[in-house]
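Chains A and B supply the protein sequences, listed in that same order. Just so we're aligned, residue 5 is where the first sequence starts under my numbering, counting upward by one. Just so we're aligned, residue 2 is where the second sequence starts under my numbering, counting upward by one.
Keep in mind that the hints were calculated from the coordinates and are not lab data. For clarity, every value in this text was computed on a predicted model and none was experimentally measured. Misleading hints may appear alongside valid ones.
[Claimed, not checked] Part of the chain A face toward chain B, derived, beta carbon under 7 Å:
hint	residue
1	G113
2	G243
3	Q248
4	K249
5	I279
6	R281
7	W285
8	A354
Ideal placement from N, C-alpha and C gives every residue a C-beta, glycine not left out.
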Amino acid sequence: MSLPLTAEHRRKVWDGSIVDVDVNIEVPGIEALFPYLEGVWIQHIREQQWPGPSTQYFYPSNMPSSVRDEWRTPDGQVAASSVGLVREHILDRLDVDYAILNCHFPVDGGPPDFSVALARAANDWLLNEWLSADSRLRASLILPGPNDPAAMAAEIDRAGPRPGFVQAFLPARSGKLYGKRLYWPVFEALERNDLVGGIHIGGGNDGLPPTSSGWPSWYVEEYVAEVQVFESQLISLLGEGTFQKFPRLRLAFLGSGFTWVPGWMWNLDRNWKGIRREVPWLKRRPFEVVRDHVRFCTAPMDGGSIAEELALTIKWLGSDDLLMYGTEYPRDHGDSLDLLIGSLIEDMRAKVMSENARDWYRLGSRGR
Amino acid sequence: MPENHRTHSRGDGKYVIGRAADVPPGVRLLVNIEGREVGIFNVDGTYRAILNRCPHRGGELCKGDVLGLVESEYPGQVTLDDSKKFIVCPWHGWEFDMETGESWYDPAYNTDPARYPPARTFDVAIEHENAPERAPREFARPANAFYIDPHAHRLAGPYTAVTLPIEVEDDYLVVSLRRPRG
Numbered sequence: 005m006s007l008p009l010t011a012e013h014r015r016k017v018w019d020g021s022i023v024d025v026d027v028n029i030e031v032p033g034i035e036a037l038f039p040y041l042e043g044v045w046i047q048h049i050r051e052q053q054w055p056g057p058s059t060q061y062f063y064p065s066n067m068p069s070s071v072r073d074e075w076r077t078p079d080g081q082v083a084a085s086s087v088g089l090v091r092e093h094i095l096d097r098l099d100v101d102y103a104i105l106n107c108h109f110p111v112d113g114g115p116p117d118f119s120v121a122l123a124r125a126a127n128d129w130l131l132n133e134w135l136s137a138d139s140r141l142r143a144s145l146i147l148p149g150p151n152d153p154a155a156m157a158a159e160i161d162r163a164g165p166r167p168g169f170v171q172a173f174l175p176a177r178s179g180k181l182y183g184k185r186l187y188w189p190v191f192e193a194l195e196r197n198d199l200v201g202g203i204h205i206g207g208g209n210d211g212l213p214p215t216s217s218g219w220p221s222w223y224v225e226e227y228v229a230e231v232q233v234f235e236s237q238l239i240s241l242l243g244e245g246t247f248q249k250f251p252r253l254r255l256a257f258l259g260s261g262f263t264w265v266p267g268w269m270w271n272l273d274r275n276w277k278g279i280r281r282e283v284p285w286l287k288r289r290p291f292e293v294v295r296d297h298v299r300f301c302t303a304p305m306d307g308g309s310i311a312e313e314l315a316l317t318i319k320w321l322g323s324d325d326l327l328m329y330g331t332e333y334p335r336d337h338g339d340s341l342d343l344l345i346g347s348l349i350e351d352m353r354a355k356v357m358s359e360n361a362r363d364w365y366r367l368g369s370r371g372r
Numbered sequence: 002m003p004e005n006h007r008t009h010s011r012g013d014g015k016y017v018i019g020r021a022a023d024v025p026p027g028v029r030l031l032v033n034i035e036g037r038e039v040g041i042f043n044v045d046g047t048y049r050a051i052l053n054r055c056p057h058r059g060g061e062l063c064k065g066d067v068l069g070l071v072e073s074e075y076p077g078q079v080t081l082d083d084s085k086k087f088i089v090c091p092w093h094g095w096e097f098d099m100e101t102g103e104s105w106y107d108p109a110y111n112t113d114p115a116r117y118p119p120a121r122t123f124d125v126a127i128e129h130e131n132a133p134e135r136a137p138r139e140f141a142r143p144a145n146a147f148y149i150d151p152h153a154h155r156l157a158g159p160y161t162a163v164t165l166p167i168e169v170e171d172d173y174l175v176v177s178l179r180r181p182r183g
């Protein structure tokens, strides 16, 4: 549980600009997408009485971590499911300059054509009902797959050029590690459209467990174990040479936390020295490549509670540019704005709270 | 690799290792010169002599693999340059250019100079002038840590393995421990 994020508190702790890079929104119900779906799929949904993809499994609605107290809706409305709610809770209350919407709408399983249709509908819904409604909003594309890279790339090309889309949502639990070459068309499309690839908590609709050794028994185990998927994805992207193949590729790790990054990178840097020949495209220390191509959302802060300790971890990142502030609305990871600001040296605060994200997502430039 | 192969001092700072014909391409010897273990290599017809001590952590460098230079611009495009040979320390896999002794794994570029002091190279590792009973002394000079190999476009690392002059005289391999003049 965290202290409520109030307007007064926000101003007291941090008076500068805020860009929130991880505002999670929900499709309130599958009917919300009917205006954007072809008849055949509406009939399919009705005939099968299918309620639509659900994030219940990731975020059981009554878990305290799923929705912060002050962001729950009294009338039973699905949390984070309308522009009005995001405006009230984030844009206005926290006086946020830009908020990047990540709709974790798990369409990465099921019949392939249906997955494509749902992703297209969800992106059109995002454009018409969110991005058009408030100029402070930006969004991540929802992609079909992720076991269908051609379809993912096609949707990036179709919807990516539309105003307001700055990123594509790449579920952390993918069928194969993202460094594998089968994903090259996706990264090619991201480069082509100058979009960020946002590796975000999500995926697993095809039954992929959060750990490589299968399913844990309890929610708390899964909640904490989730980070290992991100760790594996980062190592895969580096080892397979993704950033040498796509030198303009920008990625963001969202919901992964960042306290694990220095340790993993130390380990990879050290071992790379001895086995560099195996991955000769990796000509520089892997951690340096990360600094050029990857950014990390500040949430969740993994339970750190002492600013001095967290400050040390941040120092170990070796760059002021790697962190981007995110509330991970509407989740409650126990993150504290006081702790974050207190752990950042003065020069880094504006960067983490706003500038790094503006730079990474090219916010405010070229119609973005 | 035969160990502690006996060498013969000529008394002029040079040591006779043995018949060159006994060290055909691909073969290596480990010899003992004034208490120093030195690896003698025939790399594709070129003889090399390297002190059997990795400057990183002291591993037996000369027992490592001799490998060609593997390079790549991006995955899927990989080349092997067999004309450049590196010896790879069996302890941590560090690579050393067999010609210059320069370590190459670790780009000097963008690293923390506090943690990685500039590379050092040795003019000639061992002074042998008139004190055979005294421990040999090493002379170090700082090398240009930001030297970029124009051929391989790689950046010099922080360590330099000690290489020794080796030549063939009258069909015999001769290693010099003398400091070069000048």
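Here's how the hints hold up against the structure:
For A/G113, the interface hint is violated, since its Cβ never comes within 7 Å of a Cβ in chain B; the closest pair sits about 29 Å apart. About 9 Å separates the beta-carbon of A/G243 from the nearest beta-carbon of chain B, more than 7 Å, and the hint is not met. Hint status for A/Q248 relative to chain B: holds, with the closest Cβ pair at about 4 Å, below 7 Å. A cut of 7 Å between beta carbons decides the hint on A/K249: the least distance to chain B is about 5 Å, and the hint holds.
For A/I279, the suggested interface contact is upheld, since its CB lies about 6 Å from the closest CB of chain B, less than 7 Å. With a cut of 7 Å, the hint placing A/R281 at the interface with chain B holds, because the nearest CB-to-CB distance is about 5 Å. Because the smallest distance between the Cβ of A/W285 and any Cβ of chain B comes to about 4 Å, under 7 Å, the interface hint for this residue holds. For A/A354, the shortest C-beta to C-beta distance to chain B is roughly 24 Å, which exceeds 7 Å, and the interface hint is violated.
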